[in-house]
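Please arrange chain R on chain D, whose structure you already have, making use of the hints.
Chain order of the listed sequences is D and R. According to this note's numbering, the first sequence is numbered sequentially starting from 1. According to this note's numbering, the second sequence is numbered sequentially starting from 1.
Since the hints were derived computationally from the structure, they do not count as laboratory data. It cannot be assumed that every hint is accurate.
The list that follows gives simulated cross-link-like pairs (lysine-lysine, DSSO-like), each with its CA atoms no further than 30 angstroms apart [said to hold, decoys possible]:
1) D:672 with R:810
2) R:821 with D:672
3) D:672 with D:720
4) D:665 with R:441
5) R:756 with D:741
6) R:819 with D:757
7) D:756 with R:819
8) D:819 with R:756
Number of protein chains: 2
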Amino acid sequence: MPSKSVYWFGDGRADGNAGMKDLLGGKGAGVAEMTNAGIPVPPGFTITTEVCTRFYENGRRFPKDAEPEQWAALARVEKSTGMGFGDPQNPLLVSVRSGAKFSMPGMMDTILNLGLNDQTVEGHARRANNPRFAWDCYRRLIQMYSNVVLDVEKEQFEKVLRAKKEARGSKADTDLTVEDLKGLVEAFKGAVKEHSGHEFPQDVKAQLRGARDAVFRSWNNERAIAYRRMYRIPDSIGTAVTVQSMVFGNTGPKSATGVGFTRDPATGERKFYGEFLTNAQGEDVVAGIRTPRPIAELENEMPAAYRQLKEITARLEKHYRDVQDFEFTIQDEKLYMLQTRSGKRTGHAAVKIAVDMVKEKLITPKEAVGRVEPAMIEQLLHPVFDPLRRREFPAVAKGLNASPGAAAGKAVFDAPTAVAWKDRGERVVLLRAETCPDDIKGMAAAKGVLTSTGGRTSHAAVVGRQMGRPSVVGCTAVVVDEEHRRATVDGKVIKEGDYVSIDGTTGEVMIGDVPTRDSDILEVMRRNLDPSKSETWQNFAALMKWADGLRRLKVRANADIPRDAEAAVALGAEGIGLCRTEHMFFAPDRLPIVQEMIMAGDEAGRRAALERLVGFQRDDFYGLFKTMAGRPVTIRTLDPPLHEFLPRREELMVEIAEMNARGQKGPELTRKETLLARVEQLHEFNPMLGLRGCRLGILYPEITEMQARAIFEAACRCAKEKKPVVPEVMIPLVGHVNELKHQAALVRRVADEVMKKEGVKVKYLVGTMIEVPRAALTAAEVAGEAEFFSFGTNDLTQMTFGYSRDDAGKFLPLYVSEKTKILPDDPFVTIDKAGVGQLVRMSVENGRSVRADLKCGICGEHGGEPETVIFCHDTGLNYVSCSPYRVPVARLAAAHAVLREDARRGEARKPATKKGKRMAGTRR
Amino acid sequence: MPSKSVYWFGDGRADGNAGMKDLLGGKGAGVAEMTNAGIPVPPGFTITTEVCTRFYENGRRFPKDAEPEQWAALARVEKSTGMGFGDPQNPLLVSVRSGAKFSMPGMMDTILNLGLNDQTVEGHARRANNPRFAWDCYRRLIQMYSNVVLDVEKEQFEKVLRAKKEARGSKADTDLTVEDLKGLVEAFKGAVKEHSGHEFPQDVKAQLRGARDAVFRSWNNERAIAYRRMYRIPDSIGTAVTVQSMVFGNTGPKSATGVGFTRDPATGERKFYGEFLTNAQGEDVVAGIRTPRPIAELENEMPAAYRQLKEITARLEKHYRDVQDFEFTIQDEKLYMLQTRSGKRTGHAAVKIAVDMVKEKLITPKEAVGRVEPAMIEQLLHPVFDPLRRREFPAVAKGLNASPGAAAGKAVFDAPTAVAWKDRGERVVLLRAETCPDDIKGMAAAKGVLTSTGGRTSHAAVVGRQMGRPSVVGCTAVVVDEEHRRATVDGKVIKEGDYVSIDGTTGEVMIGDVPTRDSDILEVMRRNLDPSKSETWQNFAALMKWADGLRRLKVRANADIPRDAEAAVALGAEGIGLCRTEHMFFAPDRLPIVQEMIMAGDEAGRRAALERLVGFQRDDFYGLFKTMAGRPVTIRTLDPPLHEFLPRREELMVEIAEMNARGQKGPELTRKETLLARVEQLHEFNPMLGLRGCRLGILYPEITEMQARAIFEAACRCAKEKKPVVPEVMIPLVGHVNELKHQAALVRRVADEVMKKEGVKVKYLVGTMIEVPRAALTAAEVAGEAEFFSFGTNDLTQMTFGYSRDDAGKFLPLYVSEKTKILPDDPFVTIDKAGVGQLVRMSVENGRSVRADLKCGICGEHGGEPETVIFCHDTGLNYVSCSPYRVPVARLAAAHAVLREDARRGEARKPATKKGKRMAGTRR
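In isolation and in its complexed conformation, chain D is listed as follows (with noise of 0.2 angstroms):
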């Protein structure tokens, strides 16, 4: 047996409610819940998406048993407005609106003033006692009808219009009378007859059938499959179909039509927000034709309808407890409501309403921390380009938009040159075919970073986002020539010192210096300035407070030097997750002797040198210790290939070349010859599967014991200046429990050694990084040596899928593609739940199933990502461990995790179905 297909609303009464949202769309569910509350709102039904699921079923055929509910229902519309549908005297008209359970805004199809025929436009006509009017409701429909169900091309009708109009000779839609509508809805039915080879409809059942099922059909239209893809909703959930009496705007001027929303989308900031045309339909306002007005210029025009409309939707915010964005019709002074639903809004904006309709007693700061994506409390925190002056540089190319904020400066191509011209004062903008770890001074340097290779996940991108630098890389369209210090983009050539502006949350690129400003929260945090002057950092600490009452996960910051460790605790930071201590090898004091341990031939030659690099380290680590007070710090022994400490090997091979071809001689030859040999010695095929991460530390066991002696020297230094220190060593890259056992008693000797020459005692712990899918195939061996474990997401998806993330820009975009839909996401940005996410469950329980207290987290590049926080909850992590800018973004999703558990325990309590409750207003 079929459930009830259709639901009625109407008459102050609907069959539905708020809550049925899954059944009847976002639409039908707040049209039923308006009307139980008595709001004026034309009457209707909603067909269920239970209906659409069968159609798709029934080989996109509506299913015959609904068919006769949908004509009661419809004759009961027809009860309640005195009209009837296809009456030549009184025609009901009808529009049928799709309605999903989340909003898809213009990914479906709309078809409005069904019910129109030869005869019935007279009546209609009659009755308005306007024949312009319903002339050009009855072309309108035919239209948007013959397009969306019959499939002729928009563009036939224009061609028709735009004849008329010449011939004619009138510009506007406006100056066409009477007898020129008519002549235009003869020419259209020509083009109709002539394109789809069908005529056009005069039975106006048969127009509601076809309307009806080509908005069933749109759910699998093309841009609505990749909304759907973009918004993660899920295909099979359908779209209900909405048939509603058609009310006008547009009858004369005492009628208008126009959209609101209860506060400001884009400041939150509390202020009735609108606009509205008099003697319009509710598309004129949409498609920019006429210049909609401010909605408060509504109060002089129709005093009643503009109040009754600030007090429903007053109400109705209320109601719902959220900012609501409406849509409302005013027909011969008379309002009705045709839609209301959750307003979206800015990053700035979801926090700010957030916390004052906390401070209203809207909502508690439980529903508060909901209301705000964690995704986009990133917006906060990002340089953000003026809103307003943006409009004046288009676009020149798109990128990949991997560090999100706005940055504008001279284009500069080399890291020197970024850094010479940022000491006098500039402020420069990188563009590299690509980043390397010489570019880091460069890119700290920049305002933002532009590189024409690489994914979301290359060294730009990874460094960007930890750094917090705007970023748009893999911008295939920008040609990048370093040699020649200049870029081009679509005919146009940058050259350096040229101003250049990117936008890293949508990825665009613009010529010219778009004019930014740093937001709220950075201006408090890099100025020092009072936080308690500042509303938007009042609001963002008060949501991050709630937030931190909810959650269970700790959020540690991915830091390596003191100053990000201050940003990371400044925004929350409960620890560092990851400090990489090779990238303290890079800085310029310090490269040459790490090279010259690596050119050594020998253990004592690595030593003399490792003894030189001690004191730095330890100084290092000693800042971050002071900074995080007390806080854990995991430190991660050194990680990379030897080679990325030396030239580039094909450079050196080219220098010799030509030198030999040259005839050059002497020791810078040599040199060149000697530092080749050595890097011929290092080149490996696979870098990522080679020699790295602990198997450098067992091959050179004496790197290992500089680290730790330089951790442990540092922590004791704290410890005996009575600062609490909590160091946490991270072997990376084990795949067999052996190598853990090894470099752990290696970390733990030279412990003791430090700890009784010092004379106090410190308290560490050993773990490993779970990077190596082996690793975590036998977790239980590996937790018999460690005491944490940390999951590096990035290698582990690398290694689980077999991607190199510097090469996978081959095949990767094509993979997430509408072409292929091989994967539903990139990887490296969401953890892959079915292949990585079973490795990091399998190892947490296997872990915990030999060392019950084993500490779990985090910290690859998806730490930060809201989706993979959320998993991390689920799967009993201890602690999520992201880029210092990322932190309150994972605060965040680690409190709407708590949020969906509960939701999905109050779910598993509730039964079958539920009634809504009953909007709060007195029944007319």
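Chain R in isolation, oriented as in the chain D frame:
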């Protein structure tokens, strides 16, 4: 309650038997069994391996409760021999020997002549009427005891002995008089005191305790641990200690001692085989100071003892139903058997002995299969060095024994020279720093391959095994200078044309032309000889047939061309498990077309080139199908990254730089620049994890299309010619089921098209390689699409461990070394059961939960490694696939898997202790 610690043997009765090796060790069980069979064995007792375990649990101290049992047993030896331990008149002398379950020759300690001291030596002398003999025994005891128990270096005694001999002007030990020996004893006692700080114990009970404990301790000496590691003997099983009354082969001319085999251990020939010395102790035979005489000569000297020895050893062979390796002593014409055990033998001997014993009805065919270690069978296939001539050529270096067999020829340093010299009738050995696909023809032309870099799974090693070419790789001591066509090793220069010999079985490299010959099996196969004329072939075939009768696991071969397929079939392959289509792309008539395809800028250009390749591929597949005559043929679609088909990037860069530096211009420069531009586009940081496998087929579907067309056109041609054909199309590098869906749909579409066009139907399968961890983790999903799984354990190992097999040579040798003991085995040789094996198990289980008849096989390098084959059997795979020359190994290993399974079942059914079967023979 500790169980019985001491097991008696003597007077024709023993507590133990041959079935108790676990508890009594091989030696203890052997003497017990012999004693029970009435064979003359000097009486004694065995302290069990359980006591050894308790010894270690007890902090390396002998368990107190076992002492009384031991002394009681000693008393019984005194009674049986009529002598007294420590009795000055008639002293009992005993030996103390180690003996674990598995023979570990020479690894642990043994002490003879215990019971001698300053008093008993006189009684011993009187009783033997031979003071010289008695004092020689005593000085040997002091030497041996002090070395083993008190850690005095052997050299200390040698020094004293040398001084004594010099003082006497004598050369041999036998020149020393009784007085000399008495002086030596005193000097030895002084040396003991000086170097150990202890006196040599005069208390004979202390001697026995000291010797016994030292034997237990020797279980964990370095060489014993290393030996166990090499032969995979568990550390936990411990050694037994056998205390046995001494008999002496050195009491005079009517005494003797010797060792022997019941059949020739080198050839398997059935003849009494051994050596003896009169008037000598066992160690003299082994030490090589005197030259032992052939055992046949014993018949003349002591005919009764000889007859008895022949009769007893024949009986032993019959009883143990295996070749016996025995030790005996004749004291004053009375024969004593000291030891018997199964004799170690070569592969050739193992096969002959097993088959002969079946003919002799001594063992069943099933037992015969169990008698030949799978790896040994390979010795029958590879060329062999003439063992006598080999001694003339000392090894100058040792590399990794990558592909077994012997090869000798003139050194060449590039592939074209190898081909040219071979064509003019020379034998050549190819020396390269490393090999690449360009070298394949050269490798095929060479007798053997020697590289200075690369591991056991390097290109040279893999291809060497595939081709059955003896190969030594990673031989760093040989510095290959390809440019100047020479190599240096150990200060010597090998020029082009100099003779070099390599032993792929041992990894040794010799300068010079060591004579080799084809094995009999290969001679039969390669020269199409009449197999019935070759006894080796007959024996080999018989054994293989019995193995085939036992095994359930199928064996296929990896083969790309008909010649390899023919060899595979001749060696028993039941199908092709992996045909690598890219190998067909490297042929000189195709490579230019492949390069054209890669250089094409668009799909149309690629299709044009592919159109010219399809005919080649179709003919290739047709040839394979025909050769395999209805056996399944698994064809993998294109796998390697495209840049492997183009010149090397660095070479192009250097060439262009040189041309530019010299100011050269012209079309050649332009051509190289164009080539480099494409090579740069294709360049990858980690090609192993880059654009290859199905990723290529998804990006360029036209490649998969062409290959599918070639496969099905060839298959249809076979079908039309009524030749049976079973193609299995395998999609490589799948990580997500959607990749397989994409490629499988394409293959099936092309198959339909071709079959429709050709008008015939061919049954085929589409499946995937499981080589990416994610595919294994999501095997249930993948099995929804795949009709078979083939485990590509090379790549699966690379990704699961995060080891690039091209680069792992930098650390893997350290990892498997004694120094770090990180890994028990090279995971590219023996499958890693805990990690990679876990993924294989998961895949099979989860895959079959979705598709019960899912065919599962393995096609990685591991497919021919016996332990892996057994793992595959245990995991329920349907087949293994390996290089043609390893097919017999795999067949035998698959049979062994069944034997092990039966043994486990038998073990499970067996009661906790079991009485061994009594040996046939009359009791005396």
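Hints, one by one, checked against the model:
no.: 1; hint: D:672 with R:810; verdict: 23 angstroms, holds
no.: 2; hint: R:821 with D:672; verdict: 38 angstroms, violated
no.: 3; hint: D:672 with D:720; verdict: 47 angstroms, violated
no.: 4; hint: D:665 with R:441; verdict: 39 angstroms, violated
no.: 5; hint: R:756 with D:741; verdict: 62 angstroms, violated
no.: 6; hint: R:819 with D:757; verdict: 29 angstroms, holds
no.: 7; hint: D:756 with R:819; verdict: 28 angstroms, holds
no.: 8; hint: D:819 with R:756; verdict: 28 angstroms, holds
The earlier numbered hints that this structure contradicts are 2, 3, 4, 5.
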